[in-house]
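Engineer: Please construct the entire structure, taking both the sequences and the accompanying hints into account.
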Amino acid sequence: MVQAHVSELLEVHPIFDMPEQNIEDDFYLAKLILVLNAASQYPVICSLIPNYILKHYRYLQRAWPSLIPPIKEFEDKKRPLIELPPDVSNSGEKLWTSPGTSRNYNDQNIKSIRIFEPTKEFQNNEIIRFVAGLPTSILVRCLLENVTDEEFEQFRFQIEYPDQTIDYCRPRHGDFLRLSPHSVHLQTKIIFSAQRWAIPASIYFIAGICSKNFLHTNVKRMKEIKGNFTPLKCAENLNKDNKISINIHPVLQA
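Under this note's numbering, think of the first position of the sequence shown as 4, with each following residue one higher.
Bear in mind the hints are in silico, worked out from the structure with no lab data behind them. Be aware that a few hints might be false.
Between beta-carbon pairs, the in silico distance windows are [what the hints assert, rightly or not]: (1) 241 / 120: 17 to 23 Å; (2) 30 / 233: 28 to 34 Å; (3) 184 / 241: 35 to 41 Å; (4) 54 / 132: 28 to 34 Å; (5) 252 / 47: 23 to 29 Å; (6) 198 / 23: 47 to 53 Å; (7) 144 / 250: 18 to 24 Å; (8) 214 / 120: 37 to 43 Å; (9) 65 / 11: 24 to 30 Å; (10) 22 / 76: 20 to 26 Å.
Backbone N, C-alpha and C define an ideal beta-carbon position, used for all residues, glycine too.
Structural biologist: What follows is the structure, given as structure tokens:
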């Protein structure tokens, strides 16, 4: 079924060369994952897709191996970098290279998050206005890596306000959808509130895992929770903690 729609899904023209698509485009990424999974079962699909897809495949195989199965036709395109004499032991007989597939295995078990919504454009340009003192919410859609089912109960979004106070929002258990042993899709609403502000300002949402002895009170100072909350790393850069920035403006009811 997918084979018949590959050209449409990937916007491939039968005659003209089309520009390479942006792998950071969530809509394209979702279609590409569908096509690559189909290609792993039906190799003929590999002949229908443009050459740049191989680069995207290698990147996704490294970033999300649990979502992108190996495709034999693409793996066969790897070449031996050095061929050693026959008397060399089998363990070191060949060194292989495949651009973009080298991987730091220490990173495989790091808990991380990839944010799809709110988008960077929304975070940078939009202001959420709401009635001061009343709760409002924002939709968050993301992919969690290496978060276990047992940790769903301890998962929180930490909400940081400009006055250095913080609050927490806990997603419902039904908001988590396990896609693979290592990957979980989360779509939830973060509920927050604030008193009236004279001008808009930024608040921050940070996804993380609370310690098992964590006791939630309404609002705590940031310094009081040190060690009780461990932020997830940003999937795009595992050296950084994740952070969503939202501009809000609580106002008086008209």
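Engineer: Run every hint past the structure and note whether it holds.
Structural biologist: Now the hints, each set against the structure:
A hinted range of 17 to 23 Å holds for the C-beta pair residue 241 and residue 120, which are about 21 Å apart. For residue 30 and residue 233, the hinted distance range of 28 to 34 Å is satisfied, since their beta carbons lie about 32 Å from each other. For residue 184 and residue 241, the hinted distance range of 35 to 41 Å is not satisfied, since their beta carbons lie about 19 Å from each other. The supplied range of 28 to 34 Å is broken by residue 54 and residue 132, whose beta-carbon atoms lie about 47 Å from each other.
Roughly 55 Å separates the CB atoms of residue 252 and residue 47, a value that falls outside the hinted 23 to 29 Å. For the hinted restraint 47 to 53 Å between residue 198 and residue 23, the CB-CB distance of approximately 48 Å keeps it satisfied. A hinted range of 18 to 24 Å holds for the C-beta pair residue 144 and residue 250, which are about 19 Å apart. Restraint check, residue 214 to residue 120: a C-beta distance of roughly 28 Å breaks the suggested window 37 to 43 Å.
About 27 Å separates the C-beta atoms of residue 65 and residue 11, a value consistent with the hinted range of 24 to 30 Å. A beta carbon spacing of about 24 Å between residue 22 and residue 76 agrees with the range 20 to 26 Å that was offered as a hint.
When held up to the earlier numbered hints, the structure conflicts with 3, 4, 5 and 8 and fits the remainder.
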